[in-house]
Amino acid sequence: MVHPTQQSRSRAYWHAGITTAIVTLILLILIFIGSREFRDFDSALIGYAVGTVFCIGAFIYRYTLWLHRSPTWRYFRGGWVNFLSWRNFQRYTFLIPKAWWTDIFAQTFIFQRGVLRWIMHMAIFWGVILSLLVVLPLTFGWLRFTLVPPRDYRVWVFGIPFFTFPIEAGTGFAIYHALDFTALLLIIGLAIAFWRRITDAGLRAVQRFGFDLLPLILLFAIAITGLALTASELWWNGRYYWFISLTHQAIVVAWLLVLPFGKFFHIIERPASIGVTLYQTVNQDVEHYGEHMPHDPQATPTSCRRCNEKLPSGQFVSDLKGILRDVGQEYNLGDDRGTLQEYCPTCKRVLRGQAYYALMKKRFL
1 MVHPTQQSRS
11 RAYWHAGITT
21 AIVTLILLIL
31 IFIGSREFRD
41 FDSALIGYAV
51 GTVFCIGAFI
61 YRYTLWLHRS
71 PTWRYFRGGW
81 VNFLSWRNFQ
91 RYTFLIPKAW
101 WTDIFAQTFI
111 FQRGVLRWIM
121 HMAIFWGVIL
131 SLLVVLPLTF
141 GWLRFTLVPP
151 RDYRVWVFGI
161 PFFTFPIEAG
171 TGFAIYHALD
181 FTALLLIIGL
191 AIAFWRRITD
201 AGLRAVQRFG
211 FDLLPLILLF
221 AIAITGLALT
231 ASELWWNGRY
241 YWFISLTHQA
251 IVVAWLLVLP
261 FGKFFHIIER
271 PASIGVTLYQ
281 TVNQDVEHYG
291 EHMPHDPQAT
301 PTSCRRCNEK
311 LPSGQFVSDL
321 KGILRDVGQE
331 YNLGDDRGTL
341 QEYCPTCKRV
351 LRGQAYYALM
361 KKRFL
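Residues 1 to 365 in this note's numbering are what the sequence shown spells out, letter by letter.
One thing to keep in mind: the hints can contain errors.
[Claimed, not checked] The calculated DSBU-like cross-link candidates involving lysine-lysine, where the alpha carbons are at most 35 Å apart (straight line), are:
{"no.": "1", "residue 1": "Lys310", "residue 2": "Lys98"}
{"no.": "2", "residue 1": "Lys98", "residue 2": "Lys263"}
{"no.": "3", "residue 1": "Lys310", "residue 2": "Lys348"}
[Said to hold, decoys possible] Label-pair restraints from in silico Cβ distances:
{"no.": "4", "residue 1": "Tyr241", "residue 2": "Phe145", "range": "17 to 27 Å"}
{"no.": "5", "residue 1": "His266", "residue 2": "Ile119", "range": "10 to 20 Å"}
{"no.": "6", "residue 1": "Lys310", "residue 2": "Ala355", "range": "20 to 30 Å"}
{"no.": "7", "residue 1": "Gly202", "residue 2": "Leu28", "range": "40 to 50 Å"}
Don't read these hints as lab results, they were simulated from the structure. All C-beta atoms in this analysis are idealised placements derived from N, C-alpha and C, irrespective of residue type, glycine included.
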């Protein structure tokens with residue numbers, strides 16, 4: 001007989017595999033269409049393209065498995081239910097844009113922990129994101145540049161002419177050196193990261209080479225070899241260009257292969273925190289204004305059974321009990337005392353002490 005947990009795990013792997021296959025197929029179709037049946041696809045960039053497709057597929061696979069975890073799925077589902085509610089949209093119109101700004105774009109929660117730490121995260125985050133916004137369209141053939149004699153370039157997006165700009169003007173210089181700017185931004189953030197990991201005793205004690213350091217080392221190598229390509233073209237008369245470009249591509253592909261399995265996976269997980277923010281805000285406000293959750297109006301108390309201290313929210317406690325039930329851990333106290341999750345942290349410790357004393361008597365002291 002197959003254990004229910006094993007069935008759930010097998011179902012999660014099956015769903016993750018199917019989702020990954022579908023997303024990968026859609027991506028390949030978009031590459032085919034966006035590059036005009038591969039006419040705009042640069043074969044010299046095929047290594048980048050293969051590495052990127054694998055990276056995205058691995059991210060989807062891991063993300064789907066992550067969503068199948070009981071606590072993740074409950075928060076994920078609750079966040080979307082609240083987000084798609086018209087009443088919630090009217091009441092919390094600016095909550096989601098604000099959360100995107102504070103949690104993703106500006107990461108102000110890191111600023112509160114330290115200015116230098118915030119600069120490091122901002123430099124690495126935006127250095128990676130802006131680089132990908134340039135590299136991925138070029139790699140997939142969605143973006144290309146053609147010469148318009150005598151001194152202009154034309155930008156093509158999905159085979160459609162987008163705009164034309166002079167090569168020697170400020171616009172041309174900024175576009176041509178966009179990856180150089182992002183590389184310099186990355187180097188600033190990585191330098192701070194390496195300095196912190198060398199000088200911070202707490203970080204040195206818990207960091208792992210493959211998980212914490214290797215992605216940073218590869219990013220640093222990508223930035224340096226990318227700048228070396230520009231140096232070879234501008235100052236070295238093209239010397240070593242082939243070797244540098246091959247080395248750069250190999251390092252980028254290696255980084256793409258380890259990216260879904262290292263610490264940078266949290267970049268994909270982080271947007272889910274916005275749904276958790278909405279979930280918590282909505283449920284706290286519902287109880288503050290005396291409203292009831294539509295699907296479970298009276299099942300869970302909103303205050304501690306012992307001292308009447310306010311709990312986070314009835315819905316939160318209900319979902320916590322559901323999560324523990326899903327993983328086979330129920331803490332029913334019996335004798336109409338409810339479950340352990342219906343007590344505040346202080347009263348949980350008191351109940352635990354009373355239970356130990358009832359069991360051990362004087363030996364407890």
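Quick rundown of the hints versus the structure:
no. : hint                        : verdict
1   : Lys310 / Lys98              : holds, 27 Å
2   : Lys98 / Lys263              : holds, 25 Å
3   : Lys310 / Lys348             : holds, 14 Å
4   : Tyr241 / Phe145: 17 to 27 Å : holds, 19 Å
5   : His266 / Ile119: 10 to 20 Å : holds, 19 Å
6   : Lys310 / Ala355: 20 to 30 Å : holds, 25 Å
7   : Gly202 / Leu28: 40 to 50 Å  : holds, 44 Å
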